[in-house]
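S.K.: Chains as they are written, first to last, in numbering that gives the first Met the number 0: chain A, 0 to 104; chain B, 0 to 290; chain C, 0 to 233.
Hints were generated in silico from the structure; no laboratory data involved. Keep in mind that the hints are not guaranteed to be accurate.
Capping the alpha-carbon separation at 25 Å, the derived lysine to aspartate or glutamate pairs in DMTMM-like fashion look like this [as the list claims (entries may be wrong)]: (1) C/Lys223 / B/Glu22; (2) B/Lys288 / B/Asp257; (3) C/Lys154 / B/Asp257.
Stretches of chain A that chain B covers, calculated by requiring three or more beta carbons in the stretch to come under 8 Å of a beta carbon on chain B [as the list claims (entries may be wrong)]: (4) 24-34; (5) 73-85.
For glycine and all other residues, C-beta sits at the position ideal for the given N, C-alpha and C.
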Amino acid sequence: METLRFTYSGGLPVGNQAAATLVGVVGSGNLEILVERQSLAGACEVEVITAAIGFGTIWQSVLDDFFARHGLADIRISINDVGATPAVVSLRLDQAIASFLAGPQ
Amino acid sequence: MSSYYEASARERLQGVLDPASFEEIMPPGERVVSPHLRQLDTPAAFDDGIVVGFGLLSGHKVLVAAQEGGFMGGAVGEVHGAKLVGLLERARDEKPAAVLLLVESGGVRLHEANAGLIAVSEIMRAVLALRGAGVPVLVLDGGAFGCFGGMSIVAKLCDAVIISEEGRLGLSGPEVIETAGGVEEFDSRDRALVWRTVGGKHRYLLRDAMILVADRIPAFRQAAIDCLSLRPDLSLAALEAEHALLASRMERFGACKDAVDIWRHLGIADPAGLPLLEADEFIAATHDKRA
Amino acid sequence: MDAQSLLSRLFPDGFEIQADGLFFSGKGTTRGIEVAVIGSIDAAAIGIELAFQMAGAVLDIVRLEPERPILLLVDTTGQRLTRRDELLGINAYMAHLAKCLELARNQGHKIIGLVYSQAVSGGFLASSLLSDRCYALPEAEVRVMNLPAMARITKIPLERLEQLSQSSPVFAPGVENYRKMGAIADIWQGDLAACLIDALAQDSKDDNRRRLGAERQGRTLAEKVAERVRRGAR
Numbered sequence: 000m001e002t003l004r005f006t007y008s009g010g011l012p013v014g015n016q017a018a019a020t021l022v023g024v025v026g027s028g029n030l031e032i033l034v035e036r037q038s039l040a041g042a043c044e045v046e047v048i049t050a051a052i053g054f055g056t057i058w059q060s061v062l063d064d065f066f067a068r069h070g071l072a073d074i075r076i077s078i079n080d081v082g083a084t085p086a087v088v089s090l091r092l093d094q095a096i097a098s099f100l101a102g103p104q
Numbered sequence: 000m001s002s003y004y005e006a007s008a009r010e011r012l013q014g015v016l017d018p019a020s021f022e023e024i025m026p027p028g029e030r031v032v033s034p035h036l037r038q039l040d041t042p043a044a045f046d047d048g049i050v051v052g053f054g055l056l057s058g059h060k061v062l063v064a065a066q067e068g069g070f071m072g073g074a075v076g077e078v079h080g081a082k083l084v085g086l087l088e089r090a091r092d093e094k095p096a097a098v099l100l101l102v103e104s105g106g107v108r109l110h111e112a113n114a115g116l117i118a119v120s121e122i123m124r125a126v127l128a129l130r131g132a133g134v135p136v137l138v139l140d141g142g143a144f145g146c147f148g149g150m151s152i153v154a155k156l157c158d159a160v161i162i163s164e165e166g167r168l169g170l171s172g173p174e175v176i177e178t179a180g181g182v183e184e185f186d187s188r189d190r191a192l193v194w195r196t197v198g199g200k201h202r203y204l205l206r207d208a209m210i211l212v213a214d215r216i217p218a219f220r221q222a223a224i225d226c227l228s229l230r231p232d233l234s235l236a237a238l239e240a241e242h243a244l245l246a247s248r249m250e251r252f253g254a255c256k257d258a259v260d261i262w263r264h265l266g267i268a269d270p271a272g273l274p275l276l277e278a279d280e281f282i283a284a285t286h287d288k289r290a
Numbered sequence: 000m001d002a003q004s005l006l007s008r009l010f011p012d013g014f015e016i017q018a019d020g021l022f023f024s025g026k027g028t029t030r031g032i033e034v035a036v037i038g039s040i041d042a043a044a045i046g047i048e049l050a051f052q053m054a055g056a057v058l059d060i061v062r063l064e065p066e067r068p069i070l071l072l073v074d075t076t077g078q079r080l081t082r083r084d085e086l087l088g089i090n091a092y093m094a095h096l097a098k099c100l101e102l103a104r105n106q107g108h109k110i111i112g113l114v115y116s117q118a119v120s121g122g123f124l125a126s127s128l129l130s131d132r133c134y135a136l137p138e139a140e141v142r143v144m145n146l147p148a149m150a151r152i153t154k155i156p157l158e159r160l161e162q163l164s165q166s167s168p169v170f171a172p173g174v175e176n177y178r179k180m181g182a183i184a185d186i187w188q189g190d191l192a193a194c195l196i197d198a199l200a201q202d203s204k205d206d207n208r209r210r211l212g213a214e215r216q217g218r219t220l221a222e223k224v225a226e227r228v229r230r231g232a233r
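Chain A extracted, bound-state conformation (with noise of 0.2 Å):
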């Protein structure tokens, strides 16, 4: 298991109805995803704890893509990964962003 730790600043402010999201499940090939609201200072925190050892760098590259699409200020984004591919986590992310800006259902 490997716990990967990524910061993100200069995204856009999240609206009073966004509530906390999960989107997901914890099996092979697949990942959830907790987003909240936090105040950190405008930052976005991402931490992912993941069972694939040694992909830091392609986390990196799809988060860094996840940031550039949907940038978002004081929000926290906890992952459980079982080895999910980058398509997969890009569109769990995706799902989820889209979750947590919609609010309670």
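Got chain A; can you put chains B and C on it based on the hints?
M.R.: Then chains B and C, alone, in the frame of chain A:
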């Protein structure tokens, strides 16, 4: 997402309960995870594979739990089990209209062996105490991992099992039986055999499942609503009746080699054809021939 | 210890047992108290017939022997692993036994379990673990599964499981681990009749296993988590 089988635990809850009525207790943000998985280099889930909370079912307050089969096969560990027991005890305090257990589990989580086994036992006692207090407990069974191990005993402690044609309910999984007794005893790769033996249709015919539904979330929802009128009965008379039914089952079917033999004994005209029928046709053909 | 010796140590005032294959039942007397006994021998695999027999014995006690305490002396290697048991719904037979014991409990029968030889997995769940309080002899064997089988199924190396067993009661078989985790109230040694008398004198209707597990530090989260879910505002 209409298929119950394909849906996640959270999606099932959203679909079974009244729209937007679900509120989670101890949500994943609280990060109450298993303390035992890290040392085994095994990933943890923020909710330890079970979602608990409350909501409305046709306007009635219910407490609910849904196991996530995708995480460790929905198996019960220390935290997972404690969330479920806490929910059942909360129901004893609050006396909702019912408790819904969306079960999908292989039973005890081997990674937490002893803690999981004891948790399942505590769940059994809690279900019985809750029903003794007058609250009906309903089981919904239709996920990929089925309802096996200790959770299958829990399921039969409840007021009703609502199962789909995809659902399975059994104690020891087919692979375990095959490992113990060889492929002649149980060919675990024979899917048709598995579903004849422990699948929803067979359980419906034996009356171990009260209701059979198609693999659709709205069908599960409606069946649960229909079961809201059930009242737990753990009286001597009820258990004597159950004892007689179980005696009769052994007597009538104890020598049957396969489920098809049982179905033939039940007077079903084309037993081999049953697995091919859709849920509605199946129920029409068999509802008056159950054991 | 075999069932006969065990019974004479538990019941110095005498006992009367009928055996039927792997199943036995009857009563024993100690210090003037008559206790109903239900049990199994020879590491019985519990299938539909044995579960049914035990349930029947419980119903007989409820009908015919009001408030008599019940002692479960079940020796089992777990559930019977056959296609037939699955076909006929062994989980339902075990649940039926559990419901009968709950009925007995609600009717005022104390239910004491004593693991005297083996208690494994589903067999354990469907018997001794259903008692108000479960006890064990020091030489008894209690487990979910043996470590090599667990290693095979979980794909975790056996050496790792064995190593972790030293520091954590969670995986390793053994009465002491189960005592630490709260499932076994106490280990009985020496004067077994006295141990039984003490157990019978205790108030035992509620499930105290999580509290014991927390006190003994064998299960450090179960009690806390359950309480939080039970009482939490949300």
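S.K.: Decide, hint by hint, whether the structure agrees.
M.R.: Quick rundown of the hints versus the structure:
no., hint, result
1, C/Lys223 / B/Glu22, "holds (21 Å)"
2, B/Lys288 / B/Asp257, "holds (17 Å)"
3, C/Lys154 / B/Asp257, "violated (33 Å)"
4, 24-34, "holds (count 6)"
5, 73-85, "holds (count 4)"
Of the numbered hints listed earlier, the single one contradicted by the structure is hint 3.
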